[in-house]
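Each chain, letter by letter, is given below.
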Amino acid sequence: MTTKAFQKIYTKISQITKATCSLKATGVGYDELAMIDGRLAQVVKIAGDEVTLQVFQGTNGIPTNAEVVFMGKAPTLKVSEQLSGRFFNAYGDPIDGGPAVEGEEVEIGGPSVNPVRRKQPSELIATGIAGIDLNNTLVSGQKIPFFADPDQPFNQVMATVAMRAKTDKIILGGMGMTNDDYLYFKNVFSNAGALDRIISFMNTTEDPAVERLLIPDMALTAAEYFAVQKNEKVLVLLSDMTSYADALAIVSNRMDQIPSKDSMPGSLYSDLAKIYEKAVQFPSGGSITIIAVTTLSGGDITHAVPDNTGYITEGQLFLRRDSDIGKVIVDPFRSLSRLKQLVNGKKTRGDHPQVMNAAVRLYADASNAKTKVENGFDLTDYDERTLAFAKDYSEKLLAIDVNLDTTEMLDVTWGLFAKYFRPDEVNIKASLVEEYWPKD
Amino acid sequence: MATKGIVGGIIANMVTLKVDGPVAQNEICYIETGGDRLMSEVIKVVGENVYVQVFESTRGLKVGAEAEFTGHMLEVTLGPGMLSHNYDGLQNDLDKMTGVFLKRGEYTNPLDNERKWHFEPLVKVGDKVRSSAWLGKVEENYQPLKIMAPFRLEGEYEVKSIVPEGEYRIADTIATLVNAAGDEVAVNMIQRWPVKLAMTNYAEKPRPFKLLETGVRSIDTLNPIVEGGTGFIPGPFGTGKTVLQHAISKQAEADIVIIAACGERANEVVEIFTEFPELDDPHTGRKLMERTIIVANTSNMPVAAREASVYTAMTLAEYYRSMGLRVLLMADSTSRWAQALREMSNRMEELPGPDAFPMDISSIIANFYGRAGYVRLYNGEPGSITFIGTVSPAGGNLKEPVTENTKKVARCFYALEQERADRKRYPAINPIDSYSKYLDYPEFDEYICSRINGEWIGKVNELKTRLLRGKEIAEQINILGDDGVPVDYHITFWKSELIDFIVLQQDAFDEVDAVTPMERQETIVDRVIDICHTDFKFDTFLDVTDYFKKVINLCKQINYSEYKSDDYNKYEAELKSLLAERKTV
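Sequence lines, in order, name chains C and E.
FYI, the numbering for the first sequence is 1 to 440, going by our numbering.
FYI, the numbering for the second sequence is 441 to 1025, going by our numbering.
Do not rely on the hints blindly, as some may be mistaken.
Unchecked claim - Taking lysine to aspartate or glutamate pairs in the EDC-like style, the calculated list, with each CA pair at most 20 Å apart, reads: (1) Lys1023(E) x Asp1006(E); (2) Lys429(C) x Glu506(E); (3) Lys989(E) x Asp424(C); (4) Lys391(C) x Glu915(E); (5) Lys119(C) x Glu915(E); (6) Lys346(C) x Glu895(E); (7) Lys990(E) x Asp31(C); (8) Lys370(C) x Asp979(E); (9) Lys996(E) x Asp49(C); (10) Lys990(E) x Asp979(E); (11) Lys502(E) x Asp365(C); (12) Lys444(E) x Glu506(E); (13) Lys45(C) x Glu506(E).
These aren't lab readings, by the way, just hints derived from the structure by calculation.
Quantities reported herein were computed from a predicted structural model and do not represent experimental measurements.
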């Protein structure tokens, strides 16, 4: 990003905070980019001739006489097929040593899709993980986060999902990702020979926090190019959105805004919605599906970030370590895919919805039985059977290392029903029981 | 001459203008930037500095840009031709917008100026009329719509001329009115009304009494809502708020349904776009979309327009109510609307109230709910707006300002509960915390007695008492263990489970179970209460559990079967013999 001839250069900064600089300047547009002392910044406030800039890399070492040049445009990304297989930083500059990308320059964070131009999502995204496909089926055009504690293997599960899902492009947006996890993703992608359909925008923990604010928009601008212009199915992975929200909080704090719940800015809901709502199914066949990660602190989903996210996304996936089987499972109680009914029993076998609900109900009975054990009460025969069922169900279906197609998952579940229960105990429509209850 | 302004400052979507003339609070102005005209609303005036909220993105806007004031507040344009349309929060017709992406500054006509309507006069020359009087009617999607005297008309006017029955466009003059002073008013089919002003063009607002049937058992039976009533549905995410709202809007017995998708997911709106044109209205057999208007301001659309969207929807509802129609208005979610207010209040650096919401949030909510209601129009005809709003409490905590303030004004409360949702007991309406104040209205009692039978409310209360008793016993069993309580306790507990499984739980995705007409609800309640009144004999609690599971299973199969079909009768007979097994005389 070089300065052009006859550009006005300002050299008098009137105020510096940890994340922002203010100066007197005229003819500046809102959201416009500026270069300050060689660092990128963006206009966040204009009051008369006083302009406030948010400096992405932080303001360390910026002198009051630093050179400021306004660039006359909002942040942009050059989009073309050349993006494929490349790794970029938050500004869309290559970090893989390759050449700069040629292509059409588009502003990031562009306008929303007209709701009447969307199509209802209806294509199943199979992951082979029964905790997802059976209980919380994903659909193309959906947006769904993993709610996970930082010590859970969400990045691994996300990588597995990305590799198994049949999509044309996978775009990874890393925000505050550890360098190790970044290398892990890079490894998984190259081992699978999938590098040519991967695009990465990366802000690691070593990079300045405020830069993260650009990552989702960069990733989604690239996604929109492939989904709209090329009619491709694009899967966007965003990890971790809590780090993104933290960066929002930092900037809002520096701008003296009144914080709302959990020190987050009052606009958190809108800020997150703008990102997640980019998930879309177009009538032309192109789609953007977003799988994100929201890390929790101590499993607390009432914190502002997971709470607002839950209201925006179409469900959430919870991972939990099941001590009975010693594996990580997709928690059937707290996980939910809101779009599952668009494909369950329609794109999958007709018994899917009822089988899924019956199994979760029985699993809930098992957790009641567990409470009884903890309180030192005797178990009934039914309790014993639900406990045995729960263990089997956890091992054969909920564990994240499962890889089955949905019809197999349904057959396995019917098998478990028959092993532990009578037909009248599972509460399923009689006609389905007749058809699928194992006959031997 | 119109007042003009110059942009002096910008923070996100709040812009300050220096103006050269008079402006009114809430007046609309357009700011010019790069060829786009950005619609904005005045929210604060300090001397010649005017704060406006821009309904669009302000990207690229510069200090010095010009603004022109319009002299009126945010208005909607009302007339025939709005049904089955999809509007944004500012009443732009979304289908008329070209392109996949919304374009900044693109405003489209909500009505169709060219379409001709078959107009039939309802008044004759010499008739005396007042504001909102029905001058004639047209038919839209088989709904009889009234063409009314201008809402702003003051005093009495006489019909000077009225066109004969025939085909007219909305802008054609269909009547002229004249008052005693000789002032003449030409009337066409178009009306304009500022969205933030309530329409009070009715004679009185009596207490509502008539059941609004929704087909959802845990509403109609347990906590009924009435025509012209207000209700709200708070619940943490994932508890089925939207599924429940959609079920109500599909099934409710209303003439017009208006859905305000306020700051919610776009895919949920798409679901309505996709499904409603296919689904039949259970009451008329016509397509659901024909009676529906959608006001969509999804969460990624500009925040200020989100605030406007609920008012736009309410004003449309008031328009149809003035025609004597029964309108159902659903807003999902009022919390997003409150958050939009919070964002602006924050940018204006107002001192915050609880949870950083503006201090006047309670009166804003109260005024809004107050606009709903059952009315008697000047001509004696009834009309109603039933309003159901959802609330998305932060962290599922019902002690937050939006929920608490809504609770003060809404008469029905449907508490969605995480625990029920986790156990897949849908709809997850907590039967004990939820209430309907209408159950206590003598007017409602009288109505329901004539519709169902005289003992209805007594039965409903019995169901509620049993559910509460069941919950208490469940807690005791949890503490004392299955063996620690008498077998009778288990029987009482399982009777309450029977009510839960058969009356409360309902499968919104099953063709038969999704909608239960009131008459069938009565049969279900009678069946369940009969079983509750039956004395059973058991030796151990294990027998109780086993037996009741069978009873529940059979009752469920009855619910899943077509009313009075062969299957239905077969399961009913099976249930009868099962009950006979354990009955004590």
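For each hint, the structure was consulted:
{"no.": "1", "hint": "Lys1023(E) x Asp1006(E)", "in the structure": "26 Å, violated"}
{"no.": "2", "hint": "Lys429(C) x Glu506(E)", "in the structure": "66 Å, violated"}
{"no.": "3", "hint": "Lys989(E) x Asp424(C)", "in the structure": "8 Å, holds"}
{"no.": "4", "hint": "Lys391(C) x Glu915(E)", "in the structure": "26 Å, violated"}
{"no.": "5", "hint": "Lys119(C) x Glu915(E)", "in the structure": "47 Å, violated"}
{"no.": "6", "hint": "Lys346(C) x Glu895(E)", "in the structure": "43 Å, violated"}
{"no.": "7", "hint": "Lys990(E) x Asp31(C)", "in the structure": "65 Å, violated"}
{"no.": "8", "hint": "Lys370(C) x Asp979(E)", "in the structure": "25 Å, violated"}
{"no.": "9", "hint": "Lys996(E) x Asp49(C)", "in the structure": "71 Å, violated"}
{"no.": "10", "hint": "Lys990(E) x Asp979(E)", "in the structure": "17 Å, holds"}
{"no.": "11", "hint": "Lys502(E) x Asp365(C)", "in the structure": "62 Å, violated"}
{"no.": "12", "hint": "Lys444(E) x Glu506(E)", "in the structure": "7 Å, holds"}
{"no.": "13", "hint": "Lys45(C) x Glu506(E)", "in the structure": "18 Å, holds"}
In this structure, the earlier hints numbered 1, 2, 4, 5, 6, 7, 8, 9, 11 are contradicted, and the remaining ones agree with it.
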